[in-house]
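Those sequence lines, one after another, are chains S and D.
The first sequence begins at 1 in this note's numbering and counts up one residue at a time.
The second sequence begins at 294 in this note's numbering and counts up one residue at a time.
Hints are supplied without guarantee of correctness; some may be wrong.
Calculated Cβ distances over 10 Å to all of chain D for the following chain S residues [what the hints assert, rightly or not]: (1) 68; (2) 153; (3) 174; (4) 187; (5) 194; (6) 220; (7) 244.
Calculated pairs, EDC-like style, for lysine to aspartate or glutamate (alpha carbon to alpha carbon, straight line, at most 20 Å) [what the hints assert, rightly or not]: (8) 471(D) x 353(D); (9) 461(D) x 487(D); (10) 651(D) x 517(D); (11) 311(D) x 353(D); (12) 141(S) x 152(S); (13) 200(S) x 365(D); (14) 200(S) x 368(D); (15) 200(S) x 64(S); (16) 200(S) x 517(D).
No wet-lab data here; the hints were simulated from the structure.
Note that this is a predicted model, so its numbers are computed, not measured.
C-beta atoms are modelled at their ideal positions from N, C-alpha and C, and glycine is treated no differently.
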Amino acid sequence: MEKRVVFSKLGLPILLVAPQIVITLVFFIWPASQALYQSLLLEDAFGLKSQFVWLDNFIALFSDPHYLNSFARTVVFSAATAGLSLGVALFLAAMADRVLKGATAYRTLIVWPYAVAPAVAGVLWFFMFNPSIGILAYLLKGLGYDWNHYLDGTDAMMLVILAASWKQVSYNFLFFLAGLQAIPRSLVEAAAIDGARPFKRFWTIVFPLLSPTAFFLLVVNIVYAFFDTFGIVHATTSGGPAQSTTILVYKVFNDGFIGLDLGGSAAQSVVLMAVVITLTVFQFRYIERKVAY
Amino acid sequence: MAGLEFVGVRKTYPNGVKAIHGIDMAVSDGEFVVIVGPSGCGKSTLLRMVAGLETVTEGEIRIGENRVNELEPADRNIAMVFQNYALYPHMSVFDNMAYGLRNRRTPRDEIARRVAEAAGTLQLEGLLDRRPGQLSGGQRQRVAMGRAIVREPEAFLFDEPLSNLDAKLRVQMRLEIKRLQRALGTTSLYVTHDQVEAMTLADRLIVMNAGVAEQIGTPLEIYDAPATLFVAGFIGSPAMNFLSGTVADDGAGANLDGAERTLLVAPPASARRGRITVGIRPEHLEPVSRETAALEVVVELVEALGADSLVHGQLADGGEGAAVTVRVDGARRVAAGEVLSLAVAPNHVHFFDPDDGKRLA
Ligand SMILES: Nc1ncnc2c1ncn2[C@@H]1O[C@H](COP(=O)(O)OP(=O)(O)OP(=O)(O)O)[C@@H](O)[C@H]1O
Ligand SMILES: [Mg+2]
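Use the sequences and the hints to build the structure in full.
Given below as structure tokens:
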């Protein structure tokens, strides 16, 4: 049954949806169209004159090895961040699902990192891994690994991945836990009687039933890694060393506001916009059609 | 296949709830035992302990000759049918049935053969590719049964498997379960709170109340000689009438509160002088002429069921609590307000000690 409210006049409904539409227009459509327009312009470094260049900015972008490099790094970064934060969250949720005593306290503690601002999370990990004063860098040195994210691009990448995942674990944890608790206990019990050991039960019964949640989170996490990690990168590595952690969203900022290549930067944001729209459409399509039972 | 044995089994849940207070019984190989009792009496708890889904606090459970207390559910070789069926929603009917066999590394062709056989028995042939979500309640019930029988386990455990079905389907599935169990000869433990199901399915019946097995016996043993007031009131529909009174001075009858005449059925010798509870089933009261009647009942309400009618009333001058139900022939017209004179079938009068509720014999 679908409930429909029918308005006799047009005035009230327009008034009701107006705030939403205005907000969308001012904060999304307008800047987005500005970016679209600017991505077609070539502007001088002082912002005094500009020239319409059609798709030249995009052509330049995709023939720039630095940009393509950054693209590849972003893919690695997102995959690693999403994989790590989803894996850890799933593990913690599976454990929390069994906890009986102190469950609320445990859950609250796990959820805390989500309340931490990205930049603060970045600084936190930055200090822990600081080559001269960081506790974790010190411990790693004890194990014979000379950690230095100032000089080593791989170390720097691992640092931002760690910081970015750490923050996202809480969010994923909440969804996984809710998903786990929605699975009827009798299903797991039936599987136990059917001769499946805990590990097998998890992969053949629990995980498939959790897959709509997992898929939703995968998309959310990729979007997060693509777009919401600017603060973390900025506070820890500033994209370095030697651009080894310059992911796309950081490059937009770097090229636009530091390098003052406004047209190129706008073109980069348009590409990012295309990515997020694709992901979102994919998610809606797929989630509603395929993964639901 | 194997028998099943409970030795002093007790269960206390971690939160302190004492659910089972000591069950001793042996189920022989191939027997169909039904556990019946009111909600919360510990039926599911007992069954889940056999399955290995709950730990046994005290005592021992044996399947065959082996103590299974410490075994994982997977190692007990039993199959269970759940009330909500617990079918795996992401698997086809075939995969649901094959899951347990695959986990036990049964060869492929053997799996295909056994599933096909079970599907044949349960009329599921056309449905093997469907998901549980695409089946009716009765079909899901059959798949749940199929999942149990393909495993060829030592014992079947059923936890109210029919309670989600409509009345007609329930009767049909009841017969089917009975027939299937007969054919396979698998030891079965069946939990229900429906006493018709209990009476019709059971080789033997366990009547439970508040964690205690009040009586264990064949359905007719329990119907004919209920061991306690609780069992007497629980088994039989409509429930047995309980009338209180005192043993007559000469010991040859009972003076019921609110009845003019002495009920001339001698209580057993063990009945002390004093208070006594007399139980008479509605079907063992018969309308007769006034002179030969043992009881007089003022009719309050008549439920006509067709074949027979249930007459509810009060003893002619009994106070509150002297309610009596009588089952009379459906052809007989009885009206509210009428006084019904009743004779009692003397072999079907039960006497209980009102203090401890035990049957007097
Ligand atoms: N996991 C549990 N933790 C604590 N107490 C429980 C648990 N499961 C059941 N109980 C308690 O144990 C008692 C017996 O419960 P059980 O589920 O065995 O009843 P039942 O006879 O199956 O009832 P029903 O006919 O309603 O299914 C109840 O008092 C119940 O509240
Ligand atoms: Mg139960």
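Structure versus earlier hints - violations, ascending order: Hints 4, 5, 8, 15 and 16 contradicted; others consistent.
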